[in-house]
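Protein chains: 2
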Amino acid sequence: MSTPPFSREEYARRTALARASMSTRGIDALVLRNPENICYLTGYETPGHYNFHALIVMPDAFAMVVRLFESPNVEEYTNFKTVFCVPDGIVPVTVLVDALKTLGLADKRLGLETGINKASLYSPVSEREILTRDLPRANFVDCTGILAAARVLKSDVEIEALRTAVNMAEIAVDAGIEAITDGCTENDIAAAVLYAGTKAGCEYVSLPPFVAAGERSAIPHGTWRGRSVARGEHVYFEVSGVHKRYTGPVMRCATLGPPSDLIQKMSDAMLRALDVSLEGIRPGMSGKSAHDLIYNVVDEAGFGGDYFTHHGGYSLGIAFPPGWGEGHLMDIGPGEEKPLQPGMVFHIVPVSLIYGTAGVGFSAVVQITETGCVPLSRYPRALTVV
Amino acid sequence: MSTPPFSREEYARRTALARASMSTRGIDALVLRNPENICYLTGYETPGHYNFHALIVMPDAFAMVVRLFESPNVEEYTNFKTVFCVPDGIVPVTVLVDALKTLGLADKRLGLETGINKASLYSPVSEREILTRDLPRANFVDCTGILAAARVLKSDVEIEALRTAVNMAEIAVDAGIEAITDGCTENDIAAAVLYAGTKAGCEYVSLPPFVAAGERSAIPHGTWRGRSVARGEHVYFEVSGVHKRYTGPVMRCATLGPPSDLIQKMSDAMLRALDVSLEGIRPGMSGKSAHDLIYNVVDEAGFGGDYFTHHGGYSLGIAFPPGWGEGHLMDIGPGEEKPLQPGMVFHIVPVSLIYGTAGVGFSAVVQITETGCVPLSRYPRALTVV
Chain A
1 MSTPPFSREE
11 YARRTALARA
21 SMSTRGIDAL
31 VLRNPENICY
41 LTGYETPGHY
51 NFHALIVMPD
61 AFAMVVRLFE
71 SPNVEEYTNF
81 KTVFCVPDGI
91 VPVTVLVDAL
101 KTLGLADKRL
111 GLETGINKAS
121 LYSPVSEREI
131 LTRDLPRANF
141 VDCTGILAAA
151 RVLKSDVEIE
161 ALRTAVNMAE
171 IAVDAGIEAI
181 TDGCTENDIA
191 AAVLYAGTKA
201 GCEYVSLPPF
211 VAAGERSAIP
221 HGTWRGRSVA
231 RGEHVYFEVS
241 GVHKRYTGPV
251 MRCATLGPPS
261 DLIQKMSDAM
271 LRALDVSLEG
281 IRPGMSGKSA
291 HDLIYNVVDE
301 AGFGGDYFTH
311 HGGYSLGIAF
321 PPGWGEGHLM
331 DIGPGEEKPL
341 QPGMVFHIVP
351 VSLIYGTAGV
361 GFSAVVQITE
371 TGCVPLSRYP
381 RALTVV
Chain B
1 MSTPPFSREE
11 YARRTALARA
21 SMSTRGIDAL
31 VLRNPENICY
41 LTGYETPGHY
51 NFHALIVMPD
61 AFAMVVRLFE
71 SPNVEEYTNF
81 KTVFCVPDGI
91 VPVTVLVDAL
101 KTLGLADKRL
111 GLETGINKAS
121 LYSPVSEREI
131 LTRDLPRANF
141 VDCTGILAAA
151 RVLKSDVEIE
161 ALRTAVNMAE
171 IAVDAGIEAI
181 TDGCTENDIA
191 AAVLYAGTKA
201 GCEYVSLPPF
211 VAAGERSAIP
221 HGTWRGRSVA
231 RGEHVYFEVS
241 GVHKRYTGPV
251 MRCATLGPPS
261 DLIQKMSDAM
271 LRALDVSLEG
281 IRPGMSGKSA
291 HDLIYNVVDE
301 AGFGGDYFTH
311 HGGYSLGIAF
321 PPGWGEGHLM
331 DIGPGEEKPL
341 QPGMVFHIVP
351 VSLIYGTAGV
361 GFSAVVQITE
371 TGCVPLSRYP
381 RALTVV
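Protein chains in written order, with the UniProt record's numbering: chain A, 1 to 386; chain B, 1 to 386.
Derived by calculation from the structure, the hints in this document are not laboratory data. Even for Gly, the Cβ is constructed at its ideal location relative to N, Cα and C. Be a bit skeptical, because a hint or two may be false.
[Unchecked claim] Here chain A is said to cover these stretches of chain B; the calculated rule only asks that three of the stretch's residues, wherever they fall, bring their Cβ under 8 Å from a Cβ of chain A: (1) 7-20; (2) 55-64; (3) 164-174; (4) 222-235; (5) 341-352; (6) 369-376.
[Unchecked claim] Facing chain A, from chain B, some residues (calculated, C-beta under 7 Å): (7) F69; (8) T114; (9) D261; (10) Y355.
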């Protein structure tokens, strides 16, 4: 009925990368349960992905196991036709077992993901027990993260999707800042953000817009709760645009009237960390080193330690709720030894939260180039005074 | 800093039910990973729940294992203080292992969930392997669904939260209907829905508003994609309000100008199914029988079979993204043998999707009473003609 969001050539490129990884691992078929991986290879999407979905990647074909109700989405969004449906009321993984038997895969080497962070949402113990019991001749191979190396290196069309998404987020935050008036509430501001983003073409988001004022800005992942904004207070924004399921976020702060000393100092530190990272981040550097670059600037200003417990950044790409990042694939964080490479895209997020007092952060979305990095965001890097 | 959304008495009631179930199963401690279960017992919440969270329920205390960054949310939303933090870059379940050792639980009977549908999102194979390896003297007991019996029977304060949420959804849909004009787009309508809901106090939603026009209304869980609305076409809405994390949805349709014969016939069938279910649904009836009641009306009108593949309804309560229902706890669907009981609350959803042509549905949120059911929604049950 419709078509996938990208060209057949783009999906062929991605699929070739997946099949090369399968070949390296000697896998006959790969079973993917994670909605980002499924969308990456096929274009398939639904907000109902929390119900059972599995993509079976074979050397020469795809097949999907989906909830019967969702099955028209295969026709709506993909170029293939082989679907095994799960009616409501059936244990879904039993349909996957039947599908693998029908496809002649019951005694083959089958790749499965066992879970890392967000990806772990889709590899439950209960399903594995049934697969192991009902496919006794299959050889299950842990393929957690098998698509990570492909997904973190963006093609030109992926970069453009991310740029479009970031620009939608900027439009949404602009509208939120315009909504700040003396006595307005967090809800008024969040409503303006959601309205403007959706009018600008933003798809449904994978995390809500984080809009919080005053001391509530220091609640981790805090959202609007009707707190009103008074003169001299600040509002924290972290808002995403979504285009073709690619998430482009923007984090920034604005004050109603001149900022307090604390908000000014925190803003100066975060903006300096952003400048330093835009100048210093380059390919070959480990994710950990890039994190240190950001963290150290914030820490020197007195806002590290307990105030800065977040990773300094994370990869961006296709996302479905309940999360918008790809930090589990490639992180700018304390545990990340892998090197940054040209074509990666990161959300750089210097943010400090002084719980009970104030949270302040400013971010940029950057593409790693051959020599350094360039921002996809057009935003001026500054504290806005309304 | 703040307080949980409900009284200490309400949490004591819920916790007593959980501990009674633990006692029945001879469990020394229960480890819950699912954000709805954690919020139900403690009030804890964060949109960042896709990162590691575990609530350890002991006979006389709670403890939580959370991502360090999220840990202020324990103080923000709960009445307890025992927190084990997971810094970014550490394998989170290893902190759970350490916490269980510290709490003297390493050789006890520990209840874990292994996963059913949405709840399966939080019981990955990778974590179980580490728990089994690192706690060799523990006795792990499958406690999947241990809180289901408690959660599906709503207290008065839960009913009120659901009623408030439904009313927010009605305000949001009203605004969406007002936004329908000749040539407007799905985005214009969805923007109006999100704006009005958020202004009315709606918290961030657990599924996006489903707003789609014309033939796009038949995309399962379809959302806005910029399609414009012409005179004679219809718009499908399924929109939730959220209050204290309780989700109250509303599904309905509106046409711009007089409806086509098909839309009128489909609407008549769905509205009749709704009337029949409001008259016929009563305690003691199985979830399957209630489903049949709804399905049969729609099927007799010619819109069953491939057009009606969804369950007829599902329990409502606390929800976090990526889903808003409790059908995995108590369903009005083909596989549900459990009986309806007074105090349960369901979203009744007669909806038929003729892929490529039209999707039409009308819903009600109903509370099961001693003798039948009563709607929490105030909406007139009718097709709106703009």
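The hints, checked one at a time:
Three residues within the 8 Å Cβ limit are the bar, and the region 7-20 of chain B against chain A gives 0, so the coverage statement is violated. Check result for the region 55-64 of chain B against chain A: violated, 0 residues qualifying (beta carbon to beta carbon below 8 Å, three or more required). Residue count for the region 164-174 of chain B with a Cβ under 8 Å from a Cβ of chain A: 0. That is fewer than the three needed, and the coverage hint is violated. Note: the region 222-235 of chain B has 4 residues with beta-carbon separation from chain A under 8 Å; the three-residue rule is met and the coverage holds.
Note: the region 341-352 of chain B has 0 residues with beta-carbon separation from chain A under 8 Å; the three-residue rule is not met and the coverage is violated. Beta-carbon proximity to chain A at under 8 Å applies to 0 residues in the region 369-376 of chain B; the threshold of 3 is not reached and the given coverage is violated. Satisfaction of the interface hint for B/F69 is found here, the shortest Cβ-Cβ separation to chain A being roughly 5 Å, below the 7 Å cut-off. With a least beta-carbon distance of about 4 Å to chain A, the hint placing B/T114 at the interface is held under the 7 Å criterion.
With 7 Å as the threshold, the beta carbon of B/D261 stays out of range of chain A, its nearest partner Cβ sitting at about 22 Å, so the hint is violated. Evaluation of the B/Y355 hint against chain A yields a held restraint, the C-beta minimum of about 4 Å falling below 7 Å.
Going down the numbered hints, you'll see the structure goes against 1, 2, 3, 5, 6 and 9, while the others check out.
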